[in-house]
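Student: Top to bottom, those sequences are chains A and B. For the first sequence, the residue numbers in the working numbering are 1 to 209. For the second sequence, the residue numbers in the working numbering are 1 to 63.
With a cut-off of at most 30 Å between alpha-carbon atoms, the simulated DSS-like pairs for lysine-lysine come out as follows: (1) A:K140 <-> A:K24; (2) B:K40 <-> A:K140; (3) A:K140 <-> B:K6; (4) A:K162 <-> B:K6; (5) B:K2 <-> A:K141.
Everything labelled a hint here was simulated from the structure, so no lab data went into it.
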Amino acid sequence: MITQAQFDAHLIERHGAVMHGCLKNATVGVAGIGGLGSHIALSLARAGLGRLILVDFDVVDLSNINRQAYTIKQIGQSKVEAIQALIRDVNPYMDIEVHDVRVTRGNACEIFRSADVVVEAFDNPVSKAELTEAILLETKKPLVAASGVAGTDSSNLIATRKVRHDFYLCGDGVSDIETLGSLVAPRVMVAAGHQANMALRIILGEMNA
Amino acid sequence: MKINGKDYDYEAQILLRLLEAVHVNCNRVVVEVDGVIVPKSDYETYLVDKGAVVEIVAFVGGG
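Pulled out of the complex, with its shape left as it was, chain B reads as follows (with noise of 0.2 Å):
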């Protein structure tokens, strides 16, 4: 699974629990997984295979 351009040993896993792995606030975050965003409210049940590739954006504060 390549996340932000890495390469990571990863199995396949729900996306929620893989934000978890990576310690992102998943409020905070927009994921794309194979060139699709995936809507916040599908974290709990999208399947992310072992080779996709994912890119997280996490916001911080300010402005």
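Looking at chain A on its own, in the form it has when it is part of the complex (with noise of 0.2 Å):
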């Protein structure tokens, strides 16, 4: 077993005490643990990030298999718990609230509280509007939030772009899974990479995209 001493020597010989500090200090919420959240938690954790807050109401199921962390042996797992156990394997020591509820306009600035920064990580258009607008409207929290991210498309159309002081948004902006139908893990974790580097850079007090 990696003690914890062991395992923060190992990060800050990496990072520099400051920057593994600035991380260990923070806290990430995710709105959604499916394509994007999943990928977005586990690669926070590998950095040593401090602590999470995860939200999802869903169980693994199959069909998340093709483009979301999980394995086949959680199909049946709460979202919440699958995600706990994936987590653990890389990172024994990190702090991780989850809420294993539908995340709403009513209950999101409370389950959110205590978060540095906001991650939308959800797969329905109207869920990402309905969750940005609360999150600019009712927190003063920095929110990084996705928007195309199907197909097949180049990879190079993902960027990251800074609509205003508190507002990013990472995808091609138009790759709808309702007209490509299509979703695949290598396009939704560059999608993912993408949000959870900005995340990581807001921590940092890096704040251009």
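With the hints as a guide, bring the two chains together.
Tutor: Here's what the structure looks like:
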């Protein structure tokens, strides 16, 4: 078993004490832990983030395995339970708060009250718009959302755009699951990587997209 | 009126009418007018000035 001291020492060696301290003291909230959110959560755990707030009401299904971080063995488990098991295997010491509920306009601000950054990782465009509006209107927190991750068009079209001082949008902006039909792990993970890296940059005070 | 960085020759009008004019689904958007996010509940009453700067973020599905 790797001890917490060994785990932290390795991250400090990799990132330096200042960056490690920033990440370790930060909290990121992730709304939806499917194709985008499961990869966002895992990559932030690997980077040494101190705390995650993860919210999803869904259970792992066979139809998720093509692009989400979950495994065949986890089918039937709640996503909040399954993601904790995956995170524990790469970062045993992270503080994880989970909510097995549907995020709504009414509960979003309370759930993410202690987050430094909120990441929107839903698949439904109406839910994306609702959460974005709620976070931007009712909190002062930066939001990193996603739009346009479906299909197999070039990865180079996926970008992070700073829409306003507290709102970043990742994706190509147009690739819609309703018209394209497919969602593949590589392209979803490109967008998830953009979102996770932007969240990490905000924590480190690097506010440009 | 400037919408998403482009100039349009629209008269002042209610935000909901403007969203219909530019063919966006108002349930899938977040709208900022002159730097302020407009709540969806105000779309039917919010008057957008002729010289307003409007930013419409339209979300597509998938994640």
